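Enquirer: First to last, the protein sequences are chains A and B.
Here the first sequence is numbered in our numbering, starting from 1031 and rising by one per residue.
Here the second sequence is numbered in our numbering, starting from 1031 and rising by one per residue.
It should be emphasised that the hints constitute simulated quantities derived from the structure, not laboratory data.
All of these numbers come straight from a predicted model, not from anything done at the bench.
Check the hints yourself; a few may be wrong.
Computed list of lysine to aspartate or glutamate pairs in EDC-like fashion (alpha-carbon distance at most 20 angstroms, straight line) [as the list claims (entries may be wrong)]:
| # | chain 1 | residue 1 | chain 2 | residue 2 |
| --- | --- | --- | --- | --- |
| 1 | A | K1137 | A | D1088 |
| 2 | B | K1137 | B | D1122 |
| 3 | A | K1096 | A | E1144 |
| 4 | B | K1137 | A | E1210 |
| 5 | B | K1273 | A | E1144 |
| 6 | B | K1290 | A | E1144 |
| 7 | A | K1282 | B | E1210 |
| 8 | A | K1262 | B | D1127 |
| 9 | A | K1282 | B | D1170 |
| 10 | B | K1282 | A | E1210 |
| 11 | A | K1242 | A | D1253 |
| 12 | B | K1290 | A | D1175 |
| 13 | A | K1282 | B | D1168 |
| 14 | A | K1290 | B | D1256 |
There are 2 protein chains.
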Amino acid sequence: MYENIKIGIFYRIDYVESAKFVLDKLANHFEVKHFTDSTLDFEEEKFPVDITIVVGGDGTVLRTLKKVKTPVIGIKAGRLGFFSGYLLNETDKLIEDIKNWNFTEDKRWMLRIETTKGVYFAINDAVLQKDIKQKILDFDVRITDGTFYYHADGIVISTPTGSSAYSLALGGPIMLPNVEAFEITPIAPQFLATRSLVIPSSERISVFVNDKANLIVDGDTVDQIDAIHVRKCTRTVVLLRPKSYDFSTSIKDKIGYGRKILGNGG
Amino acid sequence: MYENIKIGIFYRIDYVESAKFVLDKLANHFEVKHFTDSTLDFEEEKFPVDITIVVGGDGTVLRTLKKVKTPVIGIKAGRLGFFSGYLLNETDKLIEDIKNWNFTEDKRWMLRIETTKGVYFAINDAVLQKDIKQKILDFDVRITDGTFYYHADGIVISTPTGSSAYSLALGGPIMLPNVEAFEITPIAPQFLATRSLVIPSSERISVFVNDKANLIVDGDTVDQIDAIHVRKCTRTVVLLRPKSYDFSTSIKDKIGYGRKILGNGG
């Protein structure tokens, strides 16, 4: 059924040996069209493939998801990630799963962030944050319902996917990937506003700052700006995961939340 | 356009003087079909009305919303509530707003909680919680995606409406009323699971406990049980509020979240 599958491989440069191991295995079963350092520029149309394999951590998968239109599979040594559903020693299983298309197709939506200087897309989050030397900033967060004000070091607007990234570190909730909502979380807010706000993904969010702040999109600083406009992007990205590695398993494995612990039978 | 409007009034017994004040004013303009102590049993079909007015706090409005099928308006002395959109001294404005149907219709959905002993409905939340003398309980929270385990004093499942009630006190996020999601928040969990889980309202949640726990629905203890099944109820309730009193205003007024503070111009 899934014969003649064409595959592309991206790898993180310090995982090159693992990547070669994967390449050798996959090349016995599928047509591997490219084998590419993930930091290099890439012209997708020159290498048409059905599936993109990423050998690296969550960060490498995240950057690859934004680079290609195909479904993406993450594979890494050591421990599984939120985005990496296969361990290196499960490469044979991966080959079987590809042949049988035995995956959960995990669609994730993105943020579209517009400023006067450009448009950016985020799978995890958009952050507006002061420099170390700047004073605490005033943020006006406007949605249909009204305006929320924060006197804080920064503001994080995240997708459900991003809820287990920086937002989680700031005290936010864990959102299942299929929740249709944004999460807004202030960084070090005065005085007690240390809670996240969860709003429908159909909203358009504008954030105005009283000074220029750094705009950080999925971890990369892209701009210095005093206003952004955020909404759900129409494009989705697709992760393929083994059916056994669902979201609750990844949350339990990666951060221990909701895992059985001593005292409750585990 | 809105002539011959029939009105029912519920009041909290210690607000009876305020309620009489409202009754006298409204009776000059509308047909008041009943004037009822909110704690009494009530047969709605005997008193058909278009609008139900509640003189009392959020708790009284909440109980009334579950008792009647009409839209509900909350009015109280002192300060506004999440559910009470009019102050007592705004009764004349309320009369004009009724005549012109000048309201935001605020629809809220409910939880349907099923146990072996009965079915219950919650506007805010369903809580499973141990007695003081009981040991810490083991909760298995099952959703489509998998099972989360908590070793804790209790578990709160809340609607977006309930996110500003008990869940908020436990550290949960603030959810806009129109978010299509449940919030699950553990009470005093071992060891570091002090975060909320946000899941789509299309999910069905089952909670299993290793001992009987108190089931508390919107603040009332209704059962001792070791399993509950929760989903979104098809019935909605309708609050009428003045257009100026939106959700963000109520959040800023009631709990100070997102309000301008000294340091950001307010």
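Enquirer: Failing hints, ascending?
Expert: 2, 5, 6, 7, 8, 10
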